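K.L.:
Listed here are the chains, written in short residue letters.
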Amino acid sequence: MLSATLRKIYEGKGSATDLETIRDVTEVMETSSLCSLGKTAINPVRTSMKYFGDEWDAHIEDKACPAKHCKPLINYTIARATRVNASDAEPASTSVSSTPW
Amino acid sequence: MKTIELEIDNKKVRAREGMTILEAAKQSGINIPTLCFDEKTDHLGCCRICSVQIERSGRRSIVTDCSYPVEKGLNVTTRSSKIDKIRKIILELAAVGSGPDVSSDLYRLSSDYGADLNRFSSVGDQINSKCILCGLCVNRCIEATGGAIGFVARAGNQSISRQN
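So the protein lines, in turn, are chains A and B.
Residue 1 is where the first sequence starts when you use this note's numbering, and the numbers rise one by one after that.
Residue 1001 is where the second sequence starts when you use this note's numbering, and the numbers rise one by one after that.
Simulated from the structure, these hints should not be mistaken for lab results.
Predicted model, so just to flag it, every value in this text is computed and none were measured.
There could be a bad hint or two in this list.
Subject to a maximum C-alpha distance of 27 Å in a straight line, what follows is the list of computed BS3-like cross-link-like pairs (lysine-lysine) [unchecked claim]:
{"no.": "1", "chain 1": "A", "residue 1": "K13", "chain 2": "B", "residue 2": "K1082"}
{"no.": "2", "chain 1": "B", "residue 1": "K1082", "chain 2": "A", "residue 2": "K50"}
{"no.": "3", "chain 1": "A", "residue 1": "K39", "chain 2": "B", "residue 2": "K1088"}
{"no.": "4", "chain 1": "B", "residue 1": "K1088", "chain 2": "A", "residue 2": "K50"}
{"no.": "5", "chain 1": "A", "residue 1": "K39", "chain 2": "B", "residue 2": "K1085"}
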């Protein structure tokens, strides 16, 4: 449930209600789980929401990943190739500058 | 048999040693919702709908009362905004696995706690099984036959299947 919602946000398909879902589910897991596995499994999610809330908002509102980690949110573009005529190109400097000292 | 005194919803309750909080509450007329509870089977507290808040020497925690034995001086709260919210989300999560056609018990409880059973329906695959994976059938089977059926896989893929 939690991982499916996180994946939605990772893919840029998240909405504000998904954040609400994560908050609700993690709160219940933290307070009413039987053992510490359940109580602490949500720590990475809870702490990242607490300290990196703006990054979560960027994923939801701008569909962008400021940390450039979520692959579905990264777009690659190929820079326009500029044609360079070999004869116009400046020759590489062959002179050896004298040492300044 | 030793008698233990505890407080449930600010009401003094006397219970026998070894009883669970649920049994003590029932005995004194306090109603707590249950789904996987069965008198003849051992309780593991799988469905977690009977979660209550206990307070003992100033420390509070949430436990399932069908599996928690009574203790002297225990202060139990069975209804509060916090407990109601926990039960509401537990019901909503239970409905994800059971599919759109939920059992009558789940439906009744959802109206009591204002739970939206379709809240998480868009997440994950739904199988119309009415099963909330409470484990009652597995428990019963273990007691009767030593375990012919059991849980398979985890999280969203969990189901009950025949043991090989």
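K.L.:
So, for every hint listed, does it hold in this structure?
P.N.:
To see whether the hints hold, each was checked on the structure:
1. A/K13 <-> B/K1082: The hint is violated at about 31 Å.
2. B/K1082 <-> A/K50: Cα-Cα ~21 Å, so holds.
3. A/K39 <-> B/K1088: 18 Å, holds
4. B/K1088 <-> A/K50: Cα-Cα ~24 Å, so holds.
5. A/K39 <-> B/K1085: 17 Å, holds
Violated hint for the displayed structure: number 1, the only one.
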